[in-house]
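Participant: Each chain is listed here by its residues.
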Amino acid sequence: MPARKLTNPGKFLLSLLFIISATSLTEPVPAAGLEKNTGEGSNLLAIVNARIIPVVGQEIPSGAILVENGKIKALGSNLEIPAGARIIEARGLTAYPGMIDGYSSLGLVEISGVSATVDNRETGRINPQVKAIEALKYDSMHIPIARSNGIVAAVVSPSGGLIAGQSALVKLDGWTNREMVIKESLALVVELPGLRGGRRGFMGMGGQQAAVSTDRALAELKELFKRARMYQIRREQAAKNLLLPRPDFDETSHCLLPVVRGELPVIFAVHADRDILQTIKFIEEEKIRAIFYQVEQGYKVAAEIKKAGLPCIIGSLYDQPPVWEDGYDSLFLNPVLLNKAGVKIAFSSSSSSAAKDLPYHAARAAAFGLDRLEALKAVTIYPAEIFGVDKLMGSLEPGKLANIVLADGDLLELGTRIERVFIEGREVDLNNRYLELLEKFRKREKEK
Amino acid sequence: MKNLTRQSILIPFLILILAGPAQPVLAAGNLLIKNATILPVSGPPLSGGDVLVVDGIIKQIGRNLSAPPGTRIIEASGRYLIPGIIDTHTHLALSGTNEGTEAITPEVNMAEVINADDPAIFTALTGGVTTVHTMHGSANVIGGVNVVLKMKWGQPSEKLVVREAYPTLKFALGENVKQSNRTLLPGRPQRYPATRMGANAIIRRELLRARDYMAEWERYEKLKNSKNAPPGLLPPKKDLRLETLADLLRGKLYARCHAYVATEMVEFLNLAREFGFKVAALEHAWEAYKITDELLAAGVGISVFIDSWAYKMEAAEGIAYNAAYCSRRGVLVSINSDSSERVRRLFSEAGKAVKYGLTPDEALKMITINAARQLGLDHLVGSIEVGKQADLALFNEHPMSAYARCDLTIIEGEVYFDRDRLLREREAAAAPKGGN
Chain A
1 MPARKLTNPG KFLLSLLFII SATSLTEPVP AAGLEKNTGE GSNLLAIVNA
51 RIIPVVGQEI PSGAILVENG KIKALGSNLE IPAGARIIEA RGLTAYPGMI
101 DGYSSLGLVE ISGVSATVDN RETGRINPQV KAIEALKYDS MHIPIARSNG
151 IVAAVVSPSG GLIAGQSALV KLDGWTNREM VIKESLALVV ELPGLRGGRR
201 GFMGMGGQQA AVSTDRALAE LKELFKRARM YQIRREQAAK NLLLPRPDFD
251 ETSHCLLPVV RGELPVIFAV HADRDILQTI KFIEEEKIRA IFYQVEQGYK
301 VAAEIKKAGL PCIIGSLYDQ PPVWEDGYDS LFLNPVLLNK AGVKIAFSSS
351 SSSAAKDLPY HAARAAAFGL DRLEALKAVT IYPAEIFGVD KLMGSLEPGK
401 LANIVLADGD LLELGTRIER VFIEGREVDL NNRYLELLEK FRKREKEK
Chain B
1 MKNLTRQSIL IPFLILILAG PAQPVLAAGN LLIKNATILP VSGPPLSGGD
51 VLVVDGIIKQ IGRNLSAPPG TRIIEASGRY LIPGIIDTHT HLALSGTNEG
101 TEAITPEVNM AEVINADDPA IFTALTGGVT TVHTMHGSAN VIGGVNVVLK
151 MKWGQPSEKL VVREAYPTLK FALGENVKQS NRTLLPGRPQ RYPATRMGAN
201 AIIRRELLRA RDYMAEWERY EKLKNSKNAP PGLLPPKKDL RLETLADLLR
251 GKLYARCHAY VATEMVEFLN LAREFGFKVA ALEHAWEAYK ITDELLAAGV
301 GISVFIDSWA YKMEAAEGIA YNAAYCSRRG VLVSINSDSS ERVRRLFSEA
351 GKAVKYGLTP DEALKMITIN AARQLGLDHL VGSIEVGKQA DLALFNEHPM
401 SAYARCDLTI IEGEVYFDRD RLLREREAAA APKGGN
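Sequences listed follow chains A and B, in order.
Under my numbering, the first sequence is numbered contiguously, ending at residue 448.
Under my numbering, the second sequence is numbered contiguously, ending at residue 436.
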């Protein structure tokens with residue numbers, strides 16, 4: 001990446017100040033990202049004549065967004081455009097904040113059936129030591145496709161076992177995995193048993209009961225957390241008292257320390273209503289920070305989830321209802337009812353090859369009653385809030401990173417084309433595997 | 001892809017009670033749908049339109065229609081009426097999908113294993129799907145004979161079968177029949193074929209056998225019918241496997257071939273030419289965009305996913321532009337679900353094609369009239385036209401919109417899914433009970 005030219009020391013100081021303040025607000029914010037300029041020699045960018053849907057704040061029927069050093073400086077209908085700004089004409093287009101995928105396997109799963117290309121599932125059941133960021137294939141073919149649908153950031157998560165590993169929050173731009181980091185350790189992923197044992201359970205097959213019940217899984221976690229706390233005490237004591245030997249290195253406990261200290265949140269994949277209630281109790285007893293994921297029967301205990309202040313990442317809606325008795329549309333109604341109860345929700349693709357479909361999950365919930373603006377918020381500002389990066393992204397507001405998508409229509413609509421995408425003020429390439437192959441074989445037609 | 005081997009009796013029964021009306025809400029197939037935005041597929045949209053159905057057949061389309069007394073009237077203002085959706089590739093409502101022990105099993109017939117209690121039938125209805133082509137799986141190079149069903153939830157198996165459809169025989173090529181993604185059990189040999197070469201060779205071998213078989217029967221018939229028929233003439237041995245293949249060679253059966261990569265599709269079309277059999281469509285056809293000229297020359301259409309890709313090596317070049325690009329080049333394209341889950345959102349899958357180059361009307365054709373043509377049913381279903389069967393679906397929004405939801409599904413004039421009614425029933429069930 002080209003080094004940033006220090007043409008204006010004042011601006012540099014300003015951006016440095018921003019980096020420092022941003023860093024103190026959340027976890028590591030890459031200086032690298034902020035250093036990227038607009039690519040045309042000017043660090044001022046003006047997107048003009050756009051319809052602007054800032055998500056937070058009023059819609060602007062026609063206006064401009066001014067971007068400086070990768071951040072939104074101002075937006076409005078009567079904005080004065082400074083001389084020297086690079087102008088992006090956006091007549092006929094709508095500006096949205098870039099979307100954030102609440103849960104994905106982007107960069108970890110390339111071709112799901114070819115194990116050489118699958119890096120999201122470690123062997124064994126207890127893997128707090130594995131980190132998604134350390135396997136992230138930054139040049140995955142799925143990333144530019146997701147980006148071409150208006151997604152600018154994603155949670156990338158390991159999967160499998162009871163403790164799957166640590167997920168990361170990344171932006172969908174960067175020449176290395178590290179350049180993509182927003183939060184390299186976002187949360188520890190815990191997968192509690194499901195309502196049905198895999199796909200066969202649903203089809204009236206009698207189902208395969210999950211090997212471990214949620215009660216037992218939580219009891220096991222409790223033991224692990226207790227062990228980690230004891231491990232910490234023993235290490236502290238040993239450090240203070242030369243007569244005490246240091247305890248043997250315990251990798252699991254070592255990696256669970258940030259969780260038991262309440263520093264690293266846990267994403268709990270949890271499903272049935274009674275399991276959700278048990279997990280709430282567990283979270284309160286253990287005094288840990290937590291986010292729920294999937295929560296298919298969350299709507300049945302929405303008041304309790306709301307009371308516990310736990311946000312919910314909705315799993316893929318490309319699924320069947322977990323049990324028939326819930327009704328054919330229960331998966332679609334779940335986010336509607338959770339939102340109505342005041343629970344903070346975010347949608348997810350829960351995929352890599354279908355990560356681009358994130359907006360369609362939100363729209364499906366809207367088809368079943370979720371307010372359309374709430375659906376939009378649940379792929380932008382709500383995930384930003386849930387992951388503690390709402391000061392940086394999730395809406396078009398002065399001071400936030402310029403993660404801007406220019407669309408030729410409703411962001412969540414199937415036929416909408418994304419014309420341009422800016423990540424931290426830098427326009428990103430919208431070429432992708434689809435287009436490369438299409439162009440390659442279109443040549444055959446043109447040759448004739 | 002699913003292998004439904006065991007079926008609990010209790011659960012489908014429960015579903016009958018809980019999931020919705022098992023019996024048609026109103027029998028007899030007489031309906032008047034009023035004030036809908038009609039997307040007939042065969043012609044331009046009609047706003048504020050009415051459709052009159054008599055005895056399950058579309059009798060009249062227009063504005064301000066009136067119905068004979070006693071006809072059920074469905075008020076549809078603000079909603080979109082489309083032809084019932086047709087899914088050209090599924091495995092639902094079957095109690096068994098793959099006879100996977102051998103590579104060649106054309107003697108098996110899916111019509112003999114219809115499971116009318118499969119909840120996937122109801123799932124399909126909730127997405128406006130009225131007709132499906134339900135097929136043998138892709139474990140074998142030559143699978144079984146497929147069957148077309150209407151999603152008449154609650155009716156017995158024999159009432160579901162659409163006998164007017166093309167009879168089709170499933171073929172499969174590539175990774176599934178090579179068993180390349182399968183871990184072999186110790187001591188178990190790799191099944192032949194293990195390569196794409198072998199897959200083609202085995203098809204050729206079986207078709208040559210079938211030709212010989214036909215010739216033997218011809219010889220026998222000729223001798224038997226000759227003036228001086230030899231005494232004690234014995235007929236050739238009946239072989240059900242070769243009988244099916246002979247029907248393919250006689251043009252009585254159409255091939256539907258699961259194929260992903262360009263080479264295997266080109267070679268299958270060559271085999272069809274070599275042996276003179278008919279191909280109704282290529283299934284999945286992920287690399288069809290690379291060989292549109294060959295498809296057009298052969299007059300063979302494709303039945304594909306819109307964008308479900310990269311789940312195995314042969315799907316790694318499956319671009320979301322495939323359906324739209326091939327359509328634009330003149331190939332007959334349908335979008336299929338191949339899934340008892342995706343079937344209920346097949347309309348959204350088709351809607352994605354709008355992003356990749358089709359108009360909403362063209363996209364809608366891929367799950368209605370194009371699909372009907374591929375099944376040989378376009379004279380009966382696939383569009384809203386007078387004289388066609390009244391298979392219809394009503395949506396809250398244009399069905400190619402991400403915000404679309406299916407509210408009502410009708411087959412031959414009978415309501416099989418009614419969301420409004422379902423919601424009313426739910427409300428009634430949730431309401432506090434009086435008395436006692």
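By construction, these hints were calculated from the structure, which means they are not laboratory data.
Mixed in with the good hints there might be a few duds.
Below, in silico cross-link-like pairs of lysine-lysine (BS3-like), each with a Cα-Cα straight-line distance of 27 Å or less [said to hold, decoys possible]: (1) A:Lys131 x B:Lys312; (2) A:Lys440 x B:Lys290; (3) A:Lys137 x A:Lys183; (4) A:Lys222 x A:Lys137; (5) B:Lys59 x A:Lys448; (6) A:Lys448 x A:Lys137; (7) A:Lys137 x B:Lys59; (8) A:Lys443 x B:Lys152; (9) B:Lys59 x A:Lys446; (10) A:Lys440 x B:Lys312; (11) B:Lys152 x B:Lys59.
Participant: Next step is simple, just say for each hint if it's right about the structure.
Facilitator: Structure-based check of each hint:
no.	hint	verdict
1	A:Lys131 x B:Lys312	holds, 25 Å
2	A:Lys440 x B:Lys290	holds, 9 Å
3	A:Lys137 x A:Lys183	holds, 16 Å
4	A:Lys222 x A:Lys137	violated, 34 Å
5	B:Lys59 x A:Lys448	violated, 48 Å
6	A:Lys448 x A:Lys137	violated, 39 Å
7	A:Lys137 x B:Lys59	violated, 59 Å
8	A:Lys443 x B:Lys152	violated, 47 Å
9	B:Lys59 x A:Lys446	violated, 47 Å
10	A:Lys440 x B:Lys312	holds, 22 Å
11	B:Lys152 x B:Lys59	holds, 21 Å
Consistency note: the structure conflicts with the earlier hints numbered 4, 5, 6, 7, 8, 9.
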